[in-house]
Amino acid sequence: MRKFSHFGLAAALLCPACDPRVCADRAGDTRVLPDRLSETGLFDNLAEERLAPRVHAYTPAFALWSDGADKRRWVYVPEGKRIDDRNPDDWRFPVGTKLWKEFSHDGVRLETRLLTRTGAGEADWVATAYLWRADQSEALRAPYGAIDVLGTAHNVPASGECFACHDGRPGKVLGFSAIQLGVVADDAEPGLASDAAAELLSDPLPASLEVPGTRTEREALGYLHANCSHCHNQSGAGEAAGKCLDPNDQLGFALDFSLQTDALGSTAQTATYRTALGKVIVRGAPDDSKLVELMSRRGSGQMPPLATEEVDQHGVQLMRAWIGAL
Amino acid sequence: MRQGLARWRAALLALVVALFGTGAHAEATQPNNDDRRTLTLAFDSLSMSSRGAPYVTTAFPEVSGYGVRLRLDAELALGPVLKLGLRVPLVLARIEQPAGGLFGEAAWANPELSAGVAQPWLARDGWQLLGATRLAIGLPLAEYDASGSELSGRALALADAGEGFAESELYTPGVLPIVLSERVMLKSSRFRFGAALKLPLLVRISEAGLPRQTETHALGLEPVAELSARVELLRWFALESAPRLTWRLLLPVGSTTSKLQLLLPVALHFRLAQPLELDAVVQAPVAGALGGTTFAGGLRVTASF
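In order, the protein sequences belong to chains A and B.
With the working numbering, the residue at position 211 of the first sequence is 211, and numbering never jumps.
With the working numbering, the residue at position 104 of the second sequence is 104, and numbering never jumps.
One should not assume that every hint holds.
Said to hold, decoys possible - So the derived label-pair ranges between C-beta atoms look like this: (1) A:Asp-35 to B:Arg-271: 53 to 61 Å; (2) A:Arg-283 to B:Leu-260: 53 to 61 Å; (3) A:Leu-46 to B:Leu-219: 41 to 49 Å; (4) A:Gly-324 to B:Phe-270: 51 to 59 Å; (5) B:Arg-212 to A:Asp-44: 29 to 37 Å; (6) B:Phe-270 to A:Ala-123: 45 to 53 Å; (7) B:Leu-78 to A:Ala-123: 40 to 48 Å.
Worth flagging that the hints you see were computed from the coordinates, not collected in a lab.
Ideal placement from N, C-alpha and C gives every residue a C-beta, glycine not left out.
Given only the sequences and the hints, what does the whole structure look like? Please build it.
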């Protein structure tokens, strides 16, 4: 939590518009959500962790760095409804969709986040976190978030902060997409079971989605997609919503780290290669690459700006290896 | 001999008043020299940043962020002695959230109405000893949770930290503030020395917006002592410092193990063209709960009519 430097604060006081972490507080009314996780429809039996009907586990091919937390994820779509996945890069989720993500450290559950669509409007999404009790018997809604929960360094975001990232895509959902479920990462299992995909999606997942390049290139492109593209993309969602970073406008640059299903023919086709090389990535020179510098920083100017207080050393090494070989 | 005795009496009086009941508000200290009504308006802005000001809930034991406190001060002198005052504060802040985002919040603090008397006690050899008493009542407009996200309470806590807890009657939500302050001042044409004591009694009238498990008390009392010194270096320029020590005797909400908080301000005073004056101040809490976490600086423009 103590990420502020007074230098950064002084700069922010002199130029408030320069602080990229300022978010619109678009939390929605979290009071429409149950107070307890056990009432959200995730589990039939919370103590036994027996999933409720139509709730499916999934694992994205490329994970968001969360300071080393272990994560599990589930999705639910109401009976009779399907996710409209005809546009593989812009899935649309029906009203009533719920996605949960659980965070734990050393086997102790800390929080479970819920993102749900509550209405037909594009912005009719509500998100909140449920904070696990120390005895692990239940998790309670924590709309304001929490700091250093259960004796760890893990911080639980306030509800409004969820949309700092989730507003970055028109469909609001991150990590549950054609790229994240259709690409099978090296040495990994498919991210969504075939029977679950059949139940949830309007159209089958694309048959063969492969990120181009060597193994290092594939991992690097996937890493940037998962960790950077919710802000650094050109979907234009940021202009209509209240996310913290709007690369189309606020910061005046045009970086895009998205993986798009129609741009996987070669590494040169990917948005990262087209928009970031020569700007924040210097071929063969990781030490001169701003991307590495900001990823390696925590505090003022860090990247990602939110929800992490620890440098992802593995991620930094991956970027260094990739950039060094370019 | 009689002159020396008078000086000792004046000094003793100043000491007694300083120790047992003197005022903490510069706004109500200067007696008028004539019977005319005068209106003094001041626009006071104070920018502050903090990376760990204490807050009252268990979910948020600290507030980090930055912002500005704006305050309109008005004082109407109805004659040489009696003064009526009004202070209207507003806080605009960006509050850091647990994941590192910043949310903006505008929060009203408690406006304050006051009445004060200021009288010269002694005048000799170019020096004057003045005394002032002031009684103020706050209007309980401040809220903990105006927007449903506990942001307003945290914005107010940030402003409270920026002022070293010395203006808690302005920034404490859910209370009716009743403030008695006394001040004594010894001044010449170039120098001014003051001592003041403020007793803000905060009577709890609401717990709205506070999480249920928050510890609250019916009354709060956080006396503030101040010593000030000012030297006029040029006709248009003066230097002033008025350190304040707040004794967090009884908090209206929450608790603290750090009972004393010192605030060190330094102000530059510029006398502009009549009727305008400008003060630039930087201040920082020292030691206590806020030491090293919070800094503030601001400008105050005053016009007298």
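Could you work out which earlier hints the structure fails to respect and list their numbers in ascending sequence?
7
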